[in-house]
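**Q** Keeping the supplied structure of chain X fixed, place chain F upon it in accordance with the hints.
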Amino acid sequence: MLIGKEQALERLQKAVSQGGADALEATLFGDETNLTRFANSYIHQNIGKQDAGVTIRAIVDGSKIGMVNINDLSDEGLAKAVAGAIEAAKLVPKNKLFPGLPGKQEYPKVESWSQETYEAEPMFRAKEVEKIIATSDEHGFDASGAYTTGATEIAIVNSVGLAAYRRLTKASVNITILSDTSAGFAAEASKDVRELDAAALGKHATQKAFDGQNPTAIPPEEYDIVVEPHGVADLLTSMGYSGFNGLAYHEQRSFATGKLGEKLFGENFTLIDDAHDPTGSPAPFDFEGMPKQRIPLVENGVVKNVVFDRTTAKMAGVETTGHGLPAGTNFGAIPMHLFMAGGDSSLEKMIAGTKRGLLITHFHYLNPFLQPLELLFTGMTRDGTFLIEDGKIVRPVMNLRFTESMLKAFNNIEALSKETILIDGNFTSVRVPAVKFKNFKFTS
Amino acid sequence: MIKGLLRLAVDHATRYGASYAEARFQDLRSEDVSVKNGMVQTAGRSFDKGFGVRVLYNGAWGFACSSVLTEAEMRRTAAMALGIAKAAASVRHDNVILDELDAYVDYWSNYDQVRINPFNIPIEKKVDFLLEATNAMKVDDQIAVVQGNTNIVEKHKVFVSSIGSVIEQRKIETGGGMSCVAIGNNEMQIRSYPASARGVYQARGWELLQEWDFVGNAPRVGKEAVELLTAKECPSGEMDVVIEGSQMMLQIHESCGHAIELDRVLGQEASFAGTSFLTTDKLGSFIYGSPIVNLYGDASIPGSLGSFGYDDEGVPARRFDIVKDGVFSGYLSTRDTAHVYGGKSHSACRAQSWSDFPITRMTNVCLAPGEATEEDLIGGIKNGLYLYTNKSWSIDDKRLNFQFGVEYAREIIDGKLGAVVKNARYADKTPRFWRSCDAIGNQDLWYLWGTPNCGKGEPMQVMRIGHGTSPARFRGVKVGGA
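Sequences listed follow chains X and F, in order. For the first sequence, my numbering assigns the number -18 to the initial residue and increments by one for each residue that follows. For the second sequence, my numbering assigns the number 1062 to the initial residue and increments by one for each residue that follows.
In isolation and in its complexed conformation, chain X is listed as follows (with noise of 0.2 angstroms):
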């Protein structure tokens, strides 16, 4: 059960009163996620997981921090909590790059939660996990994936006047469809249960399934590919937090380093970084219970900004852009509501306008660290992908390992679905169109 808005903030409020410091910050995660896991057509995997954490930082002597993680919400629990967290931080020498603790914010309101989702049952998920194994049985393949629903909340709470929370549901289905020879995949994700149509993403899988059966290798060289919206999604979102992470950029670990306002990418590349968006996955503040901003990343192949935390933000002299991840991580800031901006194609037409190259589904196991300030990644491409030939599909083929430069890549993109999907991660989500980039590397 989730605490809810009163419950949580009486409870950080009455954490953070307890004084001893200079300033204290507690931050409440619960989660609830049901989820009903399916393989070789059957379900094998069924459970109800909740817990709720708080997180506790202690500021003393301006800028010692401590910090202490519990999941005992009761008043005990909470008070060992500050305890430990001002203990800690008395041990510590000072952060002079600690920018104190924010005060009294604003929040838009954001639409996030759905009642349907919240309550969804364990049968209600078992029934729409059959549909999806009623489609492949239609050609007696196996199916496999996962259906869940649930929520989370987050509050946050400090002792110079902060107080914020959110609520969302969740819910998601992905399906891989597999033959003897071959996998199809679908997913979708959604606040809103009711918006998930487990038949017709079974039979999009299942589909692509029976069309990538017996693939046949080919070299890896260049090629021009057709990447669907998952794929072009796997792509961005590595780039989001290994290239426009705000400590990535002042620590000169990022390609944007000292590069800001240059041209590094292709005229038809548009990125931006916007949580307000109704056609996202909106969200009204950060993990520092700062406001999120809408930040343009790269115009017309011109990189604009990367996104800040306060700590980040105080290191390059900026503000925050309201991308601050949760206490204690240590990573920097990322984007995490990303919008490519479509063209004027169709995945249709982009396969129609390519002499030879490949479609692909999506990819599998992307590393970003190659070689991060040229943005050379690696990766596989997974269920499904496809030789065209004179503008149609002509053969499956096999799965093949790309290394190539985002740099490049993203300057030859060649054509862009005006279509745009919502890959919805429920905390992160990318809207994207599929892409065709001219002569992308494939290396085994």
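Treat the hints with caution; some may be incorrect.
[Claimed, not checked] Listing some non-contacts, in silico: residues in chain F with all C-beta distances to chain X over 12 angstroms:
no., residue
1, 1075
2, 1109
3, 1115
4, 1163
5, 1291
6, 1330
7, 1405
[Unchecked claim] When the alpha-carbon atoms are kept at most 27 angstroms apart in a straight line, the in silico DSS-like pairs for lysine-lysine are as follows:
no., chain 1, residue 1, chain 2, residue 2
8, X, 389, X, 244
9, X, 389, X, 373
10, X, 295, X, 77
11, X, 75, F, 1097
12, F, 1459, X, 422
13, F, 1216, X, 30
14, X, 244, X, 30
15, F, 1110, X, 61
16, F, 1483, X, 75
17, X, 295, F, 1110
18, X, 240, X, 295
19, X, 240, F, 1293
20, X, 373, X, 422
21, X, -5, X, 71
22, X, 61, F, 1064
23, F, 1199, X, 77
24, X, 295, F, 1405
25, X, 61, X, 30
No wet-lab data here; the hints were simulated from the structure. Ideal Cβ positions, reconstructed from N, Cα and C, are used throughout, including at glycine.
**A** Same frame as chain X, now just chain F:
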């Protein structure tokens, strides 16, 4: 008291129809200290406790959990798990078959492996230790970032099941590492010590970090990072390589450890982490590696991150062959998958926390030592590379096609170490790679590494795993622009 509460949950589930039930309590405390560029980033402790109940009803699993430790909550959670199992049983489900298991009433701990309890080292001492070590990496103005971390964990687990097991376990783990980033010459290079991805980890005490002499090694680590800025680019082509121990750890982890998880093989992870090329028809006959390759699983190795007395479904820690003289010989398995090969569970059922459904996980997956000395490994190469410390990693959804990047590499020319090489990567297909292994370091070079952050499952579970290995030599591996 906790044993009585867990017994109540188990009894409640069986009274209302569960054919099997288990309740698992975990109380975890941990402490993290990290510093960066001379300042403390994190000084914090975590406390987390609760229980989970897993029940079997008409051949279907149900799981529920709670952090409230009262009699009423035990009954409510057991009833919830049973309700979930009944929902699963009412539709098409995998008919769970459990292997035979004796009941155990036992106590286990690793306290005999802990010489200096890390919780007795004050936070300020850890801060001093990290600041001294990280500052010592600043050997050049081009060192832009220095950072270090320590992590200590103590777990108390109690397991009660309807077959009569009552098992209590306590374990302490210690880990830490440091790294630096050098910037210059339009390059960014990183060096880590003793390994990347947060350093070295074992189920031992503070003495582990003392043994690695962070301060003494720091100047060398900093110097190597700077050296890489002007080093020659890694050549491209097929070359013979020697892979250092901490990189071998990840090589074993990704291309062997995950590939032998029987739940993956059976398709249960297909929609997320993927499947495996090591299908059941290959058991006992597939040539996984060269005849000198012997890999084994062993959850009982003293002092390892992946060790315990009993796994999270009450199976005693077991040792088994994974690859015997090059032939694929065994899977990581659980009570509900062991029937696939007609044997007993290999004690690989683990959950991240009390709130997680236990799944097939690595425990300790190790490469048995060979006979080669360091000189033998290098001496047998005419033109090749020595590859040190992981930097990037990627493998396909069948665990066949991998690519790893390393922080640091050196040429090997005519059996001798040569120039430093930057941005080295290597790529191969798993069986071809392991079949090309023609030398494995001896017992003196063998070390028990640990990784604290292996992710798997939905919802994602992060597990702590051990890998013992020596450096090893592989022939004809694709390097460079792999």
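**Q** Return the numbers of the hints above that this structure violates; sort them in rising order.
**A** 2, 3, 6, 14, 16, 17 and 24
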